[in-house]
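Protein chains in written order, with our numbering: chain A, 126 to 239; chain B, -9 to 102.
Just so you know, these hints were derived from the structure itself, not from any lab. Be aware that a few hints might be false.
Okay, the calculated beta carbon distance ranges per label pair [said to hold, decoys possible]:
1) A:152 - B:97: 29 to 39 Å
2) B:60 - A:142: 42 to 52 Å
3) B:35 - A:210: 45 to 55 Å
4) A:222 - B:35: 38 to 48 Å
5) B:7 - A:209: 11 to 21 Å
These figures come from a predicted structure and were not determined experimentally. Think of the CB as a built atom: it goes at the ideal place given N, C-alpha and C, for glycine as much as any other residue.
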Amino acid sequence: GAGVSQSPSNKVTEKGKDVELRCDPISGHTALYWYRQSLGQGLEFLIYFQGNSAPDKSGLPSDRFSAERTGGSVSTLTIQRTQQEDSAVYLCASSLAPGRYEQYFGPGTRLTVT
Amino acid sequence: GENVEQHPSTLSVQEGDSAVIKCTYSDSASNYFPWYKQELGKGPQLIIDIRSNVGEKKDQRIAVTLNKTAKHFSLHITETQPEDSAVYFCAASTTGANNLFFGTGTRLTVIP
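Full structure from sequences and hints, please.
Written as structure tokens, this is what we have:
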């Protein structure tokens, strides 16, 4: 079946511009996660959605970062006033249930801020 | 919060040899430990996981061991093949936490 998809695959933007990254999770998966992967680093948790519950935003690095999940499916991660340090690969994952269940990752969006 | 450390950062082995990657974690409440393989330009893919109620799990050439007392777990790949070359990440999950805590990755190169 279809896996997690993300768009765009690559995004180059100028410093100070806003960007939106999209994630389509696997159908039926109630949990959705956003992670950030900087060059040569592990994955850094950003935000988590579970059903209709309030999202866990504890990993967002600043108030320039926000995310929403519409209708319990598609999610958008928005970065306002981008900075060069925002350059990274942004990965989305979904799972059937939160916590201990396998997370399926998308291919990621490579963001480059010039 | 949880802190996961992973070693080594790079590992080169000859084809057919074994590879071992080790991780430690800090939170004794962690109870789920997956390993992910990430190939160039792709998202991480789960290859094996272990829960805190078992000490070892094996799937063909891949095995994972868990020592809860010492708070460390390891990935073992036997009879390595060139297609095993990738970056491997360990992770841990704690009851009550919504996310996985990842190690910094190991770049494995299998030399033909």
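We went through each hint and held it up to the structure:
no.: 1; hint: A:152 - B:97: 29 to 39 Å; in the structure: holds (34 Å)
no.: 2; hint: B:60 - A:142: 42 to 52 Å; in the structure: holds (48 Å)
no.: 3; hint: B:35 - A:210: 45 to 55 Å; in the structure: violated (28 Å)
no.: 4; hint: A:222 - B:35: 38 to 48 Å; in the structure: violated (19 Å)
no.: 5; hint: B:7 - A:209: 11 to 21 Å; in the structure: violated (41 Å)
Checked against the numbered hints above, the structure violates hints 3, 4, 5; every other hint is satisfied.
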